[in-house]
Amino acid sequence: MKVSFFETARYCAPQALPSEWPVPSGAYDREAGARAYRDMIARLEYVEELGFDWVSVSEHHYSPRILTPSPIVSASFIAAHLKKIKIALLGPIVPQSNPVRVAEEIAMLDTLAQGRLVVGLLRGTTNEYLTYDLNPAEARERTDEGMELILKAWTEPQPFGWQGRHFQYRTISIWPRPLQEPHPPTYALGTSRESCDFAARNHLGCGVSYGSFEAVGRATRYYREQCARYGWEPTPEQIIYRANMLLAETDEEAEALLRQQPNQRPFTMRAGVSEALNKLDARNIAGEARAPIVSGALPTTFIGSADTVVEQVRRCRDVVGAGVLDLSLYPPGSSDLEALMRALELFGAKVLPRIRDI
Amino acid sequence: MSAPGADFREGYVEADGFRVRYLEAGHGAPLVHLHGAGGLRLTPAHDLLARRFRVVAFEMPGFGLSGENTKTRSMAELASTMARAAQALGLDTFNLMGTSFGGTTALWLALQAPERVPALVLEAPAAIRPEGSEPPSGSPEEMARRLYAHPERLPALPAVDPAVRAKTQALVQRLRGPGRDPDLEERLRKLPTPTLVLFGTLDGVIPPAMGRIYKDLIPGCHLVFVYDAGHAIGAERPQAFAEVVGDFVERHEAFVVSRAETVIHP
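Taken in sequence, the protein lines are chains A and B. For the first sequence, the working numbering gives the first residue as 1408, with consecutive numbering after it. For the second sequence, the working numbering gives the first residue as 456, with consecutive numbering after it.
Treat the hints with caution; some may be incorrect.
[As the list claims (entries may be wrong)] Subject to a maximum C-alpha distance of 20 angstroms in a straight line, what follows is the list of computed SDA-like cross-link-like pairs (lysine to any residue): (1) K670(B) x E1644(A); (2) K670(B) x T1715(A); (3) K670(B) x A1689(A); (4) K670(B) x A1439(A).
[As the list claims (entries may be wrong)] Stretch-level coverage of chain B by chain A, calculated; a stretch enters the list once three of its residues show a Cβ under 8 angstroms from a Cβ in chain A: (5) 488 to 494; (6) 663 to 672; (7) 694 to 700; (8) 707 to 716.
Hints in this document: simulated from the structure, not taken from any laboratory. Idealized CB from N, CA, C, for every residue including glycine.
Extracted from the complex, chain A is given alone in its bound form (with noise of 0.2 angstroms):
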């Protein structure tokens, strides 16, 4: 089992925030900002020492609980500061995007950190379309075409033009192109059906996250059975499964910390604006619907000590088939780092070097 850290830059507020998404800019405070990205490259030192294989970033807005809106900024200053550890750049939103400066950012990223990036492309949260105005309604029909757009500016040698449907270039010749050959291995994510092919179709990896091992396993066994169709098996590694862990001592201590953990997500939209979200939106699991706005707290699907945890990842190797875990450590979300790096210290010590075989 490979293991990623997802790094959220996280950021301790001097004062209490408004609960509602967005989050007002003027609730932000710039000393605290600075020392969110000091500590961030601190503990990503430690990440790396603790022998983590992989250090992850995502593209989230408007707000305090996820420090980076531009994955491609924070993996880039990350692989500047970090020597072995590979960036998975486990952004960027491919709707809201430029396809093709995505295709020249992540090719002149990978060749700056010698070919140690691993990228993700995604269709992004509901919540997230605010941020530059996009039709939720379109959101599945820009995010393939841009990512089959992505793949054709890093691979395609001679200049070409686009005429897609919603993306329309005359000339595309990228340069540099990416070190890794023919690019960085990439991986859809996201549970749906559309993304499972997509991936399928296109030989790239497949990334799950927060649901339960048998719920994010439909997705991954979907997958499957779609690769097999266009007659190819993945590797293990070509299944990554994101994930919440709170790990302790003893079970007890875990559940204790569970039961602290606030049930609600932390910043809410209005309701009225939700509901429009979830009229142009449309989610599934493996074509099974699914509520596009998950209005509780995400799940935490790994807990428990040292001895438990590596029980639940043997389970979800067997259950999930993820081959990578790329996870958020205790506390989920929160601004307690020493909590952070306490349980940094003891995932390094008794469950890391246990889960490698598995």
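Based on these hints, arrange chain B on the given structure of chain A.
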């Protein structure tokens, strides 16, 4: 919406002893079309192009309603017959568009008479093919699965008379040339004609990767991928196809310069 080609009128010209049928509509600069191995079938793209050009779609001798063609010996000969057919219509110069098999014919015509062809458009051309690639054949359903990325979105193809199919297949096999023709490819290096090569990203007859070979060989070649289209691009994505073809025929290499307006609220 009327059936594709409702505004086209039928005519005949004589060329090299053949009575050549054609369908014509529109005004302005002439755009001659040479069809693929399946014969002449108008698509919504023809209608869109006829709003900007005088579109003349020929039925090449031996296809469709014409008699069996046992006379034409090579693609080069077919090209010269089609050049004479255009001449018989009074077209000294004409923009030329060829589809698949007809793309090879169009290439030969442009090589033979570059001064007569201001711009050349090749829709999924068949002049360069990987080994073992065969033109689509079989029932209308089988044909649709080969030609289209999304056959379920399009009207069913008409059934083909077995006699027509037999005479056409023999002609295509005789004329289409090898998958790689060193003589033709050498000549393409000197083709002076501005050329647009289009491939659907989901072409199931000829791999879209063949496009880069044209781009590599022809000095003034532009390659455009039409997203989510199969082999019959004009049938599957008519607006996307006609927009880029029209822009290229009018502006040649300057078509890379965008004229799209992005002002939202002036």
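Going through the hints against the structure:
no.	hint	result
1	K670(B) x E1644(A)	violated (37 angstroms)
2	K670(B) x T1715(A)	violated (59 angstroms)
3	K670(B) x A1689(A)	violated (41 angstroms)
4	K670(B) x A1439(A)	violated (54 angstroms)
5	488 to 494	violated (count 0)
6	663 to 672	holds (count 4)
7	694 to 700	holds (count 4)
8	707 to 716	holds (count 5)
Consistency note: the structure conflicts with the earlier hints numbered 1, 2, 3, 4, 5.
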